[in-house]
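Number of protein chains: 2
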Amino acid sequence: MRQTQLFTRTLKELPKDETSYNAQALLRAGFIDKVAAGVYSFLPLGLRVLNKIREIIREEMFSVEGQEISMPAFAPKENWESTGRWESLDILFKIAASDKKEYALNPTHEEVVTPLAKKFIYSYRELPFAVFQIQTKFRNEKRAKAGLLRGREFLMKDLYSFHLDQAGLDAYYDRVSDAYTRIFDRVGLGEKTYFTFASGGSFSKYSHEYQTLTESGEDIIYICDKCRLAINKEIIAEQNTCPTCGSSELREEKAVEVGNIFKLGTKYSDAFALGYSDASGAKKPVVMGCFGIGLSRIMGTVVESSHDERGIIWPEYIAPFRVHLLSLNVNEKADEIYKNLTEAGVEVLYDDRDVSAGEKFADADLIGCPYRVLISKKTLEAESAEVKKREETTAELIKINELTAYVQ
Amino acid sequence: MRQTQLFTRTLKELPKDETSYNAQALLRAGFIDKVAAGVYSFLPLGLRVLNKIREIIREEMFSVEGQEISMPAFAPKENWESTGRWESLDILFKIAASDKKEYALNPTHEEVVTPLAKKFIYSYRELPFAVFQIQTKFRNEKRAKAGLLRGREFLMKDLYSFHLDQAGLDAYYDRVSDAYTRIFDRVGLGEKTYFTFASGGSFSKYSHEYQTLTESGEDIIYICDKCRLAINKEIIAEQNTCPTCGSSELREEKAVEVGNIFKLGTKYSDAFALGYSDASGAKKPVVMGCFGIGLSRIMGTVVESSHDERGIIWPEYIAPFRVHLLSLNVNEKADEIYKNLTEAGVEVLYDDRDVSAGEKFADADLIGCPYRVLISKKTLEAESAEVKKREETTAELIKINELTAYVQ
Chain C
63 MRQTQLFTRT LKELPKDETS YNAQALLRAG FIDKVAAGVY SFLPLGLRVL NKIREIIREE
123 MFSVEGQEIS MPAFAPKENW ESTGRWESLD ILFKIAASDK KEYALNPTHE EVVTPLAKKF
183 IYSYRELPFA VFQIQTKFRN EKRAKAGLLR GREFLMKDLY SFHLDQAGLD AYYDRVSDAY
243 TRIFDRVGLG EKTYFTFASG GSFSKYSHEY QTLTESGEDI IYICDKCRLA INKEIIAEQN
303 TCPTCGSSEL REEKAVEVGN IFKLGTKYSD AFALGYSDAS GAKKPVVMGC FGIGLSRIMG
363 TVVESSHDER GIIWPEYIAP FRVHLLSLNV NEKADEIYKN LTEAGVEVLY DDRDVSAGEK
423 FADADLIGCP YRVLISKKTL EAESAEVKKR EETTAELIKI NELTAYVQ
Chain L
63 MRQTQLFTRT LKELPKDETS YNAQALLRAG FIDKVAAGVY SFLPLGLRVL NKIREIIREE
123 MFSVEGQEIS MPAFAPKENW ESTGRWESLD ILFKIAASDK KEYALNPTHE EVVTPLAKKF
183 IYSYRELPFA VFQIQTKFRN EKRAKAGLLR GREFLMKDLY SFHLDQAGLD AYYDRVSDAY
243 TRIFDRVGLG EKTYFTFASG GSFSKYSHEY QTLTESGEDI IYICDKCRLA INKEIIAEQN
303 TCPTCGSSEL REEKAVEVGN IFKLGTKYSD AFALGYSDAS GAKKPVVMGC FGIGLSRIMG
363 TVVESSHDER GIIWPEYIAP FRVHLLSLNV NEKADEIYKN LTEAGVEVLY DDRDVSAGEK
423 FADADLIGCP YRVLISKKTL EAESAEVKKR EETTAELIKI NELTAYVQ
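Residue numbers (my numbering), protein chains in the order written: chain C, 63 to 470; chain L, 63 to 470.
If you're looking for bench data, these hints aren't it; they were derived computationally from the structure.
Be aware that one or more of the hints could be misleading.
When chains are identical, the list treats them as one kind, so a pair holds in a single copy or across two.
Stated by the list, open to error - Computed list of lysine-lysine pairs in DSS-like fashion (alpha-carbon distance at most 27 Å, straight line):
1) K163 with K139
2) K439 with K346
3) K461 with K450
4) K207 with K163
The following block holds chain C by itself, in its conformation from the complex (with noise of 0.2 Å):
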């Protein structure tokens, strides 16, 4: 995309109430727009790296057959009333409609899944199954203030899976926490993330969280570094050792909850009456799991995790572009470098406009895409371009006929 194009530009001042590191860089940068504390528009460069995490996230929900499906914000107050979270659930928007009626905004859908999945389950030949969809959910938070991290209102995928008994849950509840793993590696998480042990309810010893150390989190994980693995606060306070090694070498972090994944059991079955007729005949219920991951949420952990003083450092799938292509001047040939490029399947954002070479470097650090590459008068001399790696210091030479199959 040629710069010139682009309806947004950096910008200088921010709104003065912004105070998360995350929600500051993506509106410097014009990734995003604030519209309230909480809720944010999000703008090209900014929907693009969601639509990456979105199509990331897809695949792997895929690979573990979820089937995809889209509940609407509104569920029926009585939804609400059946499983008593009408009134226990403080998070709860309601809205009173011109039918007299009142409805939830749905911050998560048992409540609407659940007698989704009643219409369709009569015997034990329909199970198991799951659906995911991925959808914007609603949370009254009394105060919004860490950006992306904890909006009002967010981009979510939620999947829930349906099983005849406990042993089909724990076996898909392995598949698709595989799958997570997958999932924080490929939009460039992984190393910062850790599984983590959390309270399981009534029908689980633990449930799962996965949890990205950030100086912004606002949870506390303790990690037994020979694991891999973390337990989080309300395990702690039961239990101060490794629930796999025992090891009591536990260590102190900082981090944000950027997916969980729970053994709900019947208790959404029995509220609704979800059960199944068995090769027998005999009425059993229907076991349930469900696996959440914020995708607005890990775009601002990501923020959060990887940039310097200068801005963004984008990981290399979830870039809004891969190449920002800046030509000083020789337009001309830059032209034809971005054709190219593109033509070669590479995304690129193109600074085609006329403003001064500190101006250029300075956004292309703010927008922070993988590869600069510049075009100037003395790089054509030597019939190449300038290439410099967002999160390395020093630039090289790299010859213009070379230049494809050096970024792909």
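Take the given structure of chain C and dock chain L to it, following the hints.
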């Protein structure tokens, strides 16, 4: 996709309060689920259709240089007060949050996109540009009885354009109008959709709607067959002749509005003081256009306008699958054909279930894929498959080795 893997099935019992044809047909075939009046989930088959409509619209928006963004459902009360619509728009959902502030659930986004544009427009150099989103909207409807034609929660594409002057808007308006014509052609509504003159507001003599003929439509339009256009009820009250040829031979028809395009002029620019400096440094207001299409409404309209007594007949480019492959007790051979078709890039729903031929035929008609391909002992004796197009009554035998080419 194998039908044994699909968690939905065709249903015999429908919600008693569902009176619209489109919702009944889509519920029966397992495309959607009803959560509340005017509030639906999109199930795997339905989401596939919606995503195809989405991709067609995105392509056409990119063809008119639309930059994709995603704005939130929430907007602060103050934004809506700036335009006077907090009080005047009766379908506006209002919600109180625990930060003691009030928010609207946006039914349209002028109140969000205009302040957004203001952050990036300083001078004439930034203009023109256009942004679009495909996003969930909310309308506080008193009654919602038309299925996907009028929802409390629905998916829309909205494009907003920003121009130096009226001439710039006029030229862009015509380009988007052409893109809309292509969209309605591609989703299969071209023949029944009329470019319809509507009231223009204060900045233009006319705005325009795209109206699709259907018995279930809530609108009345007056068609000039000579010019292949229509005028709506507002216009006929003032002028009972064709705005193009002046003919008074107008045919009255029921229709549903599937899109609208509107010259906003400076209405919202004035409300938010959105201006720019021209080349001489003088301050001028930005001239805006807005262009809407309802995606879920298109899906409902297609079902209303393309079905027979046995079920839905999907147009080619938005069908959930191109081929519905039915195996009558010859799954081994059918597995092979399924694999070959899929590898050739043909989208196949494969009925590999152990149910009667009659049930398979009935379901294929309900679901409505363009090609029904039947494999049985009898067809295999002739080294063939029996192929029937959904809208035709007769089938023909096609040699297995010619099948891929035939349905591609």
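Go through the copies and call it for K461 and K450: within, between, both or neither, with a Cα cutoff of 27 Å.
-> within (14 Å within a copy, 57 Å between copies)
Is it within, between, both, or neither for K439 and K346, if the alpha carbons may be no more than 27 Å apart?
-> neither (75 Å within a copy, 39 Å between copies)
Alpha-carbon proximity context of K163 and K139, limit 27 Å = Both: 8 Å inside a copy, 22 Å across copies.
Classify it for me, K207 with K163: is the Cα-Cα distance of at most 27 Å met within a copy, between copies, both or neither?
-> between (32 Å within a copy, 15 Å between copies)
The structure is inconsistent with hint 2 alone, although it conforms to all the rest.
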